[in-house]
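Which chain is which? The protein sequence lines are A and B, in order. Here our numbering is used: position 180 in the first sequence is 180, and no number is missing along the way. Here our numbering is used: position 38 in the second sequence is 38, and no number is missing along the way.
Because the hints were derived from the structure by calculation, they are not lab data. Be aware that one or more of the hints could be misleading.
Unchecked claim - Derived DEER-like restraints, expressed as beta-carbon distance ranges:
id	chain 1	residue 1	chain 2	residue 2	range
1	B	LEU54	A	GLN233	45 to 51 Å
2	A	GLY108	B	THR288	41 to 47 Å
3	A	VAL169	B	PHE7	23 to 29 Å
4	A	GLY143	B	PHE95	40 to 46 Å
The beta carbon of each residue, even a glycine, is placed where N, CA and C say it ideally should be.
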Amino acid sequence: MNSLPYPIQVHDLTVSYQRKPVLYGVDLEIEAGSLVGVIGPNGAGKSTLIKTIMNMVRPNGGFVKILGKSPKAGTKHIGYVPQRESVDWEFPVTVMDVVLMGRYGHLGWFGRISKADKKMAHECLEKVDMLSYANRQIGNLSGGQQQRVFLARALAQESSIYLMDEPFVGVDAVTEKTIVSILKSMQQSGKTLVIVHHDLATAKNYFDHLLLLNMRKIAYGPTPKVFTEELLQKTYGGRLTVFSEMASQAAKQPEIETAKTIGE
Amino acid sequence: MPLIPDFTINQVFTQPWSTTQLITWNLQIILMGLLVCWTCGLVGSFIVIRRMALMGDAISHGILPGLAIAFITVGSLGIGTMFIGACLAGLTCNFCIEWLHTNTKIREDAAMGLVFTSFFALGVTLISGNAGNIDLDPGCILYGELGLIPLAEKVEINGTLFGNRAIWTMGVVFICVVTGAIVFYRQLLISSFDSTLAKSIGMPVKVIHLGLMLTLALATVASLEAVGVILVVAMFVFPSVTASFFFNRLSFILLSSFPLGILYTLGGFHLAHWLDCSIAGAIAVTATLLFIPACLLGPNGGVCSRFMHR
Ligand SMILES: Nc1ncnc2c1ncn2[C@@H]1O[C@H](COP(=O)(O)OP(=O)(O)O)[C@@H](O)[C@H]1O
Ligand SMILES: [Mg+2]
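Isolated chain B, as found in the complex (with noise of 0.2 Å):
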């Protein structure tokens, strides 16, 4: 069996869209896809001009057992259980973290790593440990299964179906996020750029930094089913770091999150029909493969520009 499949035009671009069924289910998927990439890239810009991309990855990480927790107790992968058990998981990592960075020897750096770590050691240990006996996935929660998600279950009001739970989800955490940086754009800037001017002219610095947080939280737990824990990362971090080399305001960089989405899933979703591979996977390396250049050609401060500068 050979590393690459043989490529060709009609299975990887005409054979999805050839039936109506086909075509709805894969839509189904695409929008979904877009969702993802377009929340997490807009959330995502903001944790990464505050330098924490790393955090991004250990809360993603730190929220597992959570997420855990709250589906066996309550079995189902609703927003609003799963949302809680990310946050309170979220809470205690942080917790654990400042006592032992406080009151032992152990610096902070070495505390995050352990603690989070820890936490996701506990959540696949809660997640294998009953995936017999419910059905909970450890490959789904861990990497997602986006090309699923036409599965999840439809939301249904005083008897009338309007389609299915994964999306609408997404769907609402996208406009709350598109409205939250639209409304709070002045606050996140300022308070990322210079905290003491935007303490000293009394914006409450640490609610904004809390209210960061727990869009995160929110933004991982939606992005689950579809990308899972690990795959979300890429999602928050390569649209910002992509499109800086091309733009020097935030403004703009946020703006990038929407073409580049569409080109993370359109991309990722044939690619995966090519190889014959996890939709969610397939789309972080298409983000791969486009930063790649972006970071080689760029004009603003790409490996070239620098070379030229000299």
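Bound conformation, chain A alone (with noise of 0.2 Å):
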């Protein structure tokens, strides 16, 4: 069953930024098909691991393998949505042309896009509820247009592996219920996601698999397993009290416990 490679294999992953370490002896294998949330508190390095997945950040020690490829020829096969604060939102593009660059990957060094490029991109607009704001300047939306945007590019790409980074960030609660279920509905046709997630209380409910970090992997797996207080109390540490307290609140709920006794 396990002949294919894994979308996502990191082995004994060291970073560092300025010989400070962010992320420490990381171990992952990622199964193709997983709704995979990224969860720990600030500067647990869940940013740092997904650049350097994405081969933006060079890791001191260890690796990471795509698809059984190097990072450098597995990125062509990852959509990746950026944090909202390194995107330049005054940059003179329209919604439209930020969908189409999901296409770019597509064409050659000479394509041209074609009509086909156009009507994907219409589409996955569509999808996200965002057509009719194609010619706006991306500056010009709301935060959580602005993730919607950025989400039909991701779609655009089709690509088979999709890293995001906090896409729930700085979102109205209607984008957020959007979001989710086209993540789900993408997990469903056979697309692994690694989504980076900060809020304890929803992670439970939208992901199938929970990676919880903290300079270290302290545990990996399936959620009902994972999402227990004492793994919750690990990671947070007790240096993050109301992230603690919510952790232990949220483990608590009767559905995890059941879950709980169920895997074990």
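Work from the hints to combine the two standalone chains into their complex.
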């Protein structure tokens, strides 16, 4: 069954910025078709892990493999939705321009955007309910609309793996629902999705796998197995009491308890 | 003597076009002005959207010693040697900044400030020190002399004269820049907007960046005689910034370089005839005069439109 390579495999990964270690000895094997939530406190290295998989940050030790290939060769299979702050919202591009960028990977050096590409971009905008904004400059949108544009671009990429860094930050409740349902339908069509998420209360409903991260990998596995008070305490430590309280409350909810007993 | 001379339609608009000789002379100036504005406007749009406007400023200063040494050793303003000189100086600049930034406690911005100004100073010293023995005019390299472009030597192939060398050079550079912008539009757009996406789909982001920097140096060198290393920065920055108050797509901003270039050149030319001043300076002043209403009244983020949206 496991003869196919993992979509994402991380082995003994160590990453540091100017000698300050941020990730230490992370091992991870994500199976095809998982919808993975990456959870951990601020500064835990979640974005760093995503950036390392995307080959934007060079690891000090260990390696990343994408579908069994090196990151350099593998990133073309990944659709990446960047963290909001890293986008230049003043840039002179319209919503349609951004979504069409998702098609660039399918064109060669001198290929042209075809009618089929435009149709596809149209459909993706429709899926995220943004078609009526196609000619707006991306800075003239609300946070939720901006996030949906980037989701539409990711859909247009037709990748098999998706990485998203905090797609729910600065987003209204309706958009959050839309995004979640799109993520789930992407998973159903066989995509592998890795989503950095900061809200513990919703994490257990959104994802079927969780990665608990705080410099080291605390745990990785199916949500019911990993979403336990003990592991969440360990991830958030004593230093963020609000978080750990939220964590214990969330973990005490009955559905998780039953799931846990079933799991064990 | 009044600060602003009297304005007479005859002197400003009619007189420059009164005899065949004046017309041939002035048409060359206008043509050169247009080519400079268009070339720099296109290159500058890509520099500005990458948030590198100040880099354009810094680079145009930093390449000065390279230009000076190329001119002094070869003795001509031919584009080939000047371009090589400019590139070598630019690379040396870059290397010095990197070295200072990684091996000392000097931060990157301070390192840039130090290196670019010291290169500029070295260039000024070289040019003014050699001004006596060869015909290298510091004023021309720093501020340009568009009005004297018709004096540039003629291109001669097999004994036939083909017209002004400076204009031909600028024309070829212009065509290269237009072709490059059309052929590599997608690459330039995506690597400027989202270099992670560009890299992930296998685009050579660094090569594209380097190519843009080389084009910047080439445009600077070709426009040198006309507008000089200081005013060229205005030609890079003004068109796209002005157009951005009207359009929100890169392709429209790029196309705006053409009408804006015509306004800048004709406006600057006639302004210079009125005020009896440097044409290059007058072109930059015209660009500023057009920028101000755009910034105030432009529908796309101008001061008034922002005020009304509150
Ligand atoms: N470019 C960088 N240079 C230096 N330190 C960085 C850089 N990016 C992140 N860090 C540091 O690395 C740690 C992890 O950052 P990050 O991966 O962004 O965490 P998270 O996304 O989990 O909040 C933080 O302490 C942060 O300050
Ligand atoms: Mg982060």
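Now for the hints, and whether the structure bears them out:
Distance hint check for B:LEU54 and A:GLN233: the Cβ-Cβ separation is about 49 Å, which falls inside the suggested range of 45 to 51 Å. For A:GLY108 and B:THR288, the hinted distance range of 41 to 47 Å is satisfied, since their beta carbons lie about 43 Å from each other. Roughly 58 Å separates the CB atoms of A:VAL169 and B:PHE7, a value that falls outside the hinted 23 to 29 Å. In this structure, A:GLY143 and B:PHE95 meet the distance hint of 40 to 46 Å, their C-beta atoms being roughly 42 Å apart.
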